[in-house]
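There are 2 protein chains.
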Amino acid sequence: MREVKLFIVGLGNVGGGLVKLMKSLEKEIERKYSTKLRVVGAVDIEGSAFSKEGLDLDEILKTKNKGSIKNYPKFGSAKNALEQIEENWKNFDVLVEVSTTNLETAQPALDHIRNSLEKGKHVVTSNKGPIALHYDSLIKLAKKNGVILGFEACVAGVIPVIRILRGYLALDKVQGINAIVNGTCNFILGKMSEGISFEKALKEAQEKGYAEADPALDVTGMDSAAKLVILNNIVSSRQISLKDVKINGIKNLGGDVRNTKLIASLRNGDAKVQPEKVQEGSFFASVNGVLNAIEIETEIAGPLKFSGRGAGGRETAYAVLADILKIAAENRI
Amino acid sequence: MREVKLFIVGLGNVGGGLVKLMKSLEKEIERKYSTKLRVVGAVDIEGSAFSKEGLDLDEILKTKNKGSIKNYPKFGSAKNALEQIEENWKNFDVLVEVSTTNLETAQPALDHIRNSLEKGKHVVTSNKGPIALHYDSLIKLAKKNGVILGFEACVAGVIPVIRILRGYLALDKVQGINAIVNGTCNFILGKMSEGISFEKALKEAQEKGYAEADPALDVTGMDSAAKLVILNNIVSSRQISLKDVKINGIKNLGGDVRNTKLIASLRNGDAKVQPEKVQEGSFFASVNGVLNAIEIETEIAGPLKFSGRGAGGRETAYAVLADILKIAAENRI
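Protein chains in written order, with numbering that gives the first Met the number 0: chain G, 0 to 332; chain V, 0 to 332.
Quick caveat, the hints were computed from the structure, so don't treat them as lab data. Keep in mind it's a predicted model, so treat the numbers as computed, not measured.
Chain copies aren't distinguished; within one or between two, either way the pair holds.
Distance condition first, Cα-Cα at most 30 Å in a straight line; then the derived BS3-like pairs of lysine-lysine:
1. Lys61 x Lys22
2. Lys73 x Lys35
3. Lys276 x Lys199
4. Lys271 x Lys202
5. Lys190 x Lys276
6. Lys242 x Lys31
7. Lys271 x Lys139
8. Lys35 x Lys172
9. Lys4 x Lys143
10. Lys63 x Lys207
Let's have the full structure, built from the sequences with the hints guiding it.
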């Protein structure tokens, strides 16, 4: 039985969801992957807990539920993620970076990821900041250190588009991408096409837990743009950054919005995010509510289309877990 | 640079397409996978060629173009695939079984695959016969011998549904599948809904090269059923065979066939293939021509939907190539 020691940074929807999933799937993971996942460390905004023997999953959830993980019995402390990485890097195999996305500086997640990669640790993340802002340097750093950087959870929720692009389509030539990658906007546009106002629809999306911590990231199109940058930087040798994306959000949209979707697209070197009318009866027209969808046009495989849930703590945690187990299955640990 | 030695059985659309793809992508494969693919053996219905130093890709295509590979200069012979496996098993790493599907006995591909797995060789195949008829025993045989059995090309053409089910979704629980997995039938139904007769539409599908060697496999629903058996046997502990599938083809379909698709479905232990009306504006309604599509309903990830080309020698060859390189990338060779 292989043992994989995880250091989890972030215990919000995704981190908490991951701990719950690991608990409910423990037997399955052992049976299907001959692997035992052990959480040796966990961090939130106030502090952390670390034990090289492993923390108890129930105790993590219980402690977090009452406040901060820093109160974890015996092993809790006020140390932050970087301090724990410095002190305990010999005691974990995979950094699981699932803290909140920061699209301005990518910090502090960027430092967590860089430090871990430099120390020869695999990294799995759902944090779009470092991947959207520093894709090229992080991929090179991972390669140089012979480790894997997994970020399936950064784009399009449960749709496994990252591994399809990096793995299955690696030899094909991607000619264009059209994508609906922000479930909140798709939900709001659907409501608006039923005659509900933008403000009411946004409020409903927030109440249902769909929106980002800062919903401006959704409705301005910034979240979609970050995902588009990631998609571009996987498939193109011409790396781009957020400022290369023409962005129009859905905030000031008026008039008839039936069959309007917020489309992120790459074609002929142009990257843009804008509301577009899609054809009635088309694939995109069938993508409703918080669903995400991606159309990839390639030279050999031709058009490939995918849709699935774009948000949700449990769904995102599943994508994170799948990345962790892919590393194990490829005999990297 | 890793070297992977391939023994290719079958030089039809898929085998020939694979040789061409390997040639055009040679540099890319070396660059992205640090891997050199070398075809050491190739087989067609009349004979074979084998050289442990490797055959020349252009010469394979040229020789085959003029008749049989048995006429390959110096290394050609009348030996069949089994004889070559017995004689040369120490000289190849991966059996590439891309001969014509036989849904009655799965032979001779079944013997090729079994023999190779028993000798500790990886196997990649587009041949539905062995996978549909002997899934469980072949998977066990591969596992026992510590090798990989890849069969992405068996179901839904270029849509990477096999690796999604075996890899990404391995820990999730698949609750139901609906699929359009026969491009010929989808093409014919589309033509029929425009008022063209079944016979004329079938003839057009044959002229365009979409139909199976024996088009009865398409229109009776048998080809879809074989793919459904494979999908079931990946996701369910309850293994089924072709006789467990309720099959209705499209041959005797009359009346208004607008929005009618040949749907292969798994739900609550029921496996069936039958023409069904799909809802206007739905995902399946947008799947036209020879496209394939799959809807997977799972417990954690929720609904996932995929569409892409279901047929074509080059496309199928790409799926085969991707399986070969996945084995290389996972450090199995």
